[in-house]
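Heads up: the sequence lines are chains A and B, in that order. Its first residue numbered 20, the first sequence is counted upward by one per residue in our numbering. Its first residue numbered 7, the second sequence is counted upward by one per residue in our numbering.
In case anyone wonders, no lab produced these hints; they're calculated from the structure.
Label-pair restraints from in silico Cβ distances:
#1 B:Q20 <-> A:D167: 46 to 56 angstroms
#2 B:E161 <-> A:A277: 46 to 56 angstroms
#3 B:T14 <-> A:D85: 33 to 43 angstroms
#4 A:D41 <-> B:D90: 42 to 52 angstroms
#5 B:T14 <-> A:K108: 34 to 44 angstroms
#6 B:C145 <-> A:G226: 43 to 53 angstroms
#7 A:D41 <-> B:V22: 29 to 39 angstroms
#8 B:D90 <-> A:G86: 40 to 50 angstroms
Backbone N, C-alpha and C define an ideal beta-carbon position, used for all residues, glycine too.
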Amino acid sequence: MKPAPFAYVRAESLDQVFDLLDEHGDDARILAGGQSLMATLNMRLSAPEILIDINHIDGLSDITSDGETLRIGALARHTQVLESADIAKMAPLISQAMPHVAHQAIRNRGTFGGSIAFADPAAELPAVSRAIGARMILQGRDGTRSVDANDFYLGLFETAMQPSEILVAVEVPGIADGERTAFLELARRSGDYAIVGIGVQGRIDGGTFSDMRLVFLGAGDRPILASAAADALNGNPHNDETVAAAQAALDADLDPMADLNGPPEMKMHLARVLTKRALTALAA
Amino acid sequence: MDQNVDITLKVNGQSVTRRVPARTNLVDFVRYEMELTGSHVGCEHGVCGACTIRVDGQIVRGCLMLAAQADGADVETIEGLSDDGSIADLQQAFHERNAVQCGFCTPGMLLTAEELLQKNPTPSREDIREFISGNYCRCTGYQAIVDAIERVANERNA
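Could you build all of it, start to finish, from the sequences and the hints given here?
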């Protein structure tokens, strides 16, 4: 299908964006990479009066590091993120997840910030942001604020962003010495949205788990931090018994909805399978 | 509000200026305005890859980008890449290996294969399958397509 008619503005500054958001409110949509928005427009699931294209605003696509913290500009393309040596070194979980984000042609256009702000519960980057302690940098006319990834996702496609704000960057603390990462997902076709996926960051020192963070995608209305499973792991040795305890603890962490892929029971089963595989990968 | 946009861009090396409805996507622009119908329209929501077009040297989904966003861009289609001979070896290999059933996905497959070989001149069969996964349609098992791309990689490295 074709989108309903709309007006289009190529914004040149954030001030211009805030003016347009004030003027048009809910009738406006921000166009970043457009790889989700354009599909919803084509299917007429959304029919805004005006698109505000932010692709040509300077300074929103840089990836920088001061050695301790990474700052990923919201307009950084997925391909740029995938090929960033700084990200591979300081936030390896992002680099491990990125090949699962759609396909090359989409990664060339899609943006890091767009994926975070869209907050699809089956998407990789929102989930990863919770496992790595990311902070979302939101800017409005009155200034900038920072929101912890754990407070950012409020529900299905719902975030802590105000309608008058845009996401300008994501800041990530560099991974600490000794922390390990693993990312796995199950999808019908490589690059499709996951049926279920898992990102893990934590430590296994002397065979014992600590500081474990397990995040699931495709297992609820938002990316889910599995704290009961982490509790079952922390302080315990990596063995079959501990892994089984973490798998069992997922009952308290996850309450997946049925979707086109299958019923909740199937998703719970797959989440347990992925947990075991991810812990094995983490220990390898 | 004005729902039309003035754009000037390069299409296959030729500079063009048009006034288009803002909602026109890039693949419809090249098909209807430029009458270049080699880029195909399949699913129109970014899944099938039949609309693959190159913008500023990188492949994109032609259905997920507006023509308005291509103002100032350098756009190349399968016609441009065919005429300049840059993928003649891939086209020959697809032809000889019969890497086609209905052929609807083929222009997108060729552009995707070319980007793979530019990024990774020595891909494994697994790498090839991964890279073309965004162009899977339905009628082939992709075995012949993988064969053809693998052959060209080997030939270019010889």
